[in-house]
Every structure is written in structure tokens, then in C-alpha cells.
Amino acid sequence: MCSQDSDEESYEFFEKIENYIEKAKSVESTTEYSKADSGCYSFVVTSGSYFTDKERAKIICKQFIKLYDSLDDCKSTSNSDPHRKCSKFLNYWINFKLGEIMQNDDESFCNVYNGIESQFTGRSENNLNLCVTYHIDKDELDKMNILYSLYDKYTDLDTILKKISKEHKQSLLTHSSACCIDYIKASYICNPDNNNNNINGKFCEKLKAFQSKYDKLYEEAAGKGSDYSKNFIRLSECGNNKIITTAVTGSIVGLIPLLGVLYKFTPMVQVLRSKMGILNNDISKNDEEMIKMSLMDQENEQIPFQKKTYNIKYQSL
3 MCSQDSDEES YEFFEKIENY IEKAKSVEST TEYSKADSGC YSFVVTSGSY
53 FTDKERAKII CKQFIKLYDS LDDCKSTSNS DPHRKCSKFL NYWINFKLGE
103 IMQNDDESFC NVYNGIESQF TGRSENNLNL CVTYHIDKDE LDKMNILYSL
153 YDKYTDLDTI LKKISKEHKQ SLLTHSSACC IDYIKASYIC NPDNNNNNIN
203 GKFCEKLKAF QSKYDKLYEE AAGKGSDYSK NFIRLSECGN NKIITTAVTG
253 SIVGLIPLLG VLYKFTPMVQ VLRSKMGILN NDISKNDEEM IKMSLMDQEN
303 EQIPFQKKTY NIKYQSL
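For the sequence shown, the numbering used here begins at 3 and goes up steadily by one.
Hints listed in this document are in silico derivations from the structure and should not be mistaken for laboratory results.
Here are the simulated SDA-like pairs of lysine to any residue, each with C-alpha atoms no more than 20 Å apart in a straight line:
{"hint": "1", "residue 1": "Lys37", "residue 2": "Ser72"}
{"hint": "2", "residue 1": "Lys232", "residue 2": "Leu219"}
{"hint": "3", "residue 1": "Lys68", "residue 2": "Thr79"}
{"hint": "4", "residue 1": "Lys99", "residue 2": "Asp139"}
{"hint": "5", "residue 1": "Lys37", "residue 2": "Asn129"}
{"hint": "6", "residue 1": "Lys226", "residue 2": "Leu175"}
{"hint": "7", "residue 1": "Lys140", "residue 2": "Ser5"}
{"hint": "8", "residue 1": "Lys27", "residue 2": "Ser72"}
{"hint": "9", "residue 1": "Lys140", "residue 2": "Ser110"}
{"hint": "10", "residue 1": "Lys25", "residue 2": "Leu149"}
Pairwise CB distance ranges, derived in the manner of DEER restraints:
{"hint": "11", "residue 1": "Arg58", "residue 2": "Asn131", "range": "17 to 27 Å"}
{"hint": "12", "residue 1": "Lys18", "residue 2": "Asn131", "range": "15 to 25 Å"}
{"hint": "13", "residue 1": "Ser214", "residue 2": "Lys165", "range": "17 to 27 Å"}
{"hint": "14", "residue 1": "Ser40", "residue 2": "Asn81", "range": "24 to 34 Å"}
From a predicted model like this one, the values you see are computed outputs, not experimental measurements.
Think of the CB as a built atom: it goes at the ideal place given N, C-alpha and C, for glycine as much as any other residue.
Given these sequences and hints, build the entire structure.
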């Protein structure tokens with residue numbers, strides 16, 4: 003059964019996050035799971051009023067059951083360490099997915115989750131056995147989403163490094179630039195000025211662990227030669243205008259979200275705009291409109307930060 007009480011150890015599933023992401027990507031690539039058809043149909047019939055999109059709710063229900071079935075640790079009957087971590091990952095996943103389509107996620111999450119559980123508990127073919135399920139506070143969920151997104155991109159970079167084509171080498175820049183978007187947000191949260199009384203301690207602890215893994219991945223890229231390392235942006239370079247603007251030689255579309263984040267969190271966007279030729283009309287009006295739209299999206303994004311400049315060190319050009 004779901005509880006409204008939070009869990010201080012809610013981040014511990016990130017210790018096995020790469021495995022969970024692999025499983026989640028596989029499950030999310032499909033929308034059907036015949037084993038869960040009947041239960042998920044009944045769930046939507048009884049709980050449909052909670053959602054803005056009933057069809058999407060049914061798909062999430064099927065994917066949740068399929069994800070549960072794919073994770074052996076979750077099906078353990080003991081309260082072991084692997085079982086707890088697996089349960090907390092599934093708890094994060096269902097909080098995130100349902101939160102996207104619920105009318106009022108803060109007050110209704112447990113009612114909705116219990117609706118799913120009631121359809122798949124006590125039956126021989128389907129039996130949910132999670133040791134913990136609870137509503138995750140929105141601010142905490144936002145931070146988890148950033149960390150999850152960082153690891154998602156990390157796994158993409160790791161996969162690229164295992165391939166050798168020229169196309170894959172160049173895509174390192176796109177994916178590592180995308181990492182910068184989330185990393186700048188995460189660094190803002192963990193800046194001492196924004197982390198009074200260590201309120202973001204667990205998140206920042208896991209961010210440091212991610213930094214360590216990412217740095218090792220960069221060293222692996224550097225070991226493969228300059229064709230790899232020159233296209234791999236290090237986290238320490240995410241606020242460096244000299245490094246970031248090199249991506250102008252690639253697609254402007256890949257930089258648009260990064261421009262939005264830099265505009266929101268750093269003072270360097272003025273330099274970027276100048277160096278990229280936006281002020282000199284070197285970029286088409288369509289591209290500039292896309293950038294403006296991205297900036298508007300950043301303004302509307304629901305993230306738990308105050309809107310002020312983040313102190314990122316960077317070198318002048």
C-alpha cells in the first residue's frame with residue numbers, strides 16, 4: 003500500500019541506476035503487455051477521473067507491470083538491500099510517469115497507485131511485492147528527474163564510446179552538450195548559497211558520485227584519441243564559453259536547449275550570442291525564433307530554483 007510519508011534513503015536506488023535505465027528504456031519502447039491488459043483496463047475504468055489522458059494512463063500501467071516483471075530484485079520476498087533499491091526505483095518511476103498526467107498529483111498519487119496495486123495483488127499470474135511505495139514531494143522529484151536524466155545521457159555516451167564510426171564520434175558532442183544542460187541545473191542546486199542547512203545533501207552526494215563516473219568516462223574517451231576527446235565536453239567545461247561555442251560548428255538545434263539554460267542560470271549567454279553570430283545575422287531567423295521559444299520554455303519550466311545568476315567560472319575568449 004502507498005504511504006504519504008517520504009523516505010530519507012529515497013536516493014539509494016541510484017547506486018544501480020544504469021541497470022534500471024537499461025530495463026526502463028526497453029519497457030518504454032513498447033506500449034503493449036498482454037499480461038497486464040485486463041488489470042490495466044479495469045484500473046483506468048475505476049481511476050480514470052484522476053488523469054488528463056486515460057489512454058496514456060493505461061500505457062503507463064502496462065509499462066509499470068512489465069518493468070516490475072523484468073526486475074528480479076523487485077520480486078524478492080525478503081527485505082534485502084537489492085529488493086529495497088529496486089522497490090525505490092519503481093516508486094520513483096511510477097511517481098514520475100503518473101505525475102505527468104495526473105490532475106492533482108500531490109493529493110491523489112496514493113489513491114491512484116493503490117488502484118493499480120489492487121488489480122495486481124493476490125493473483126497468481128500478477129502479484130506486486132514492493133517493500134515501499136510513497137508519494138515523492140514535487141521538489142524532490144524534480145531533483146531526482148535531473149539526476150536520472152544525467153545518468154540517461156551518461157549511458158548513451160557510454161554506448162557511443164563502444165562504437166567506432168565517425169558518425170558516432172560526432173554524436174558525443176550532442177550528448178555531452180545535453181549533459182551540460184542538466185549539470186548546470188544540478189550544480190545550481192548544490193551551490194552553497196542555495197543549499198542552506200544542507201537541505202539538498204542526499205541529492206548533492208549522488209551528484210558527486212555521478213561526476214566521478216562521468217570523469218572516468220571522459221578519460222576513457224581521451225584514451226581512444228583526440229577524435230573522441232575533442233567531441234566530449236567535460237562537466238568542468240559546461241560553464242566555459244570557449245568550449246561550448248565550439249559546438250557551433252555542428253547543428254544549432256542541439257545547442258538551443260543549452261542556450262536556454264545558460265540564459266537562465268549564467269551571464270555567459272551574451273558572449274555566446276555574440277560569438278555565434280546571432281547579433282550579426284549569421285544564424286537564420288528561424289533558428290533565432292527557436293532559441294527564443296526555448297528560452298520561453300525555460301521560463302515556464304517548473305523547477306525548484308530561484309531565478310538568479312549562478313556563479314559558474316569560465317574563461318573569456
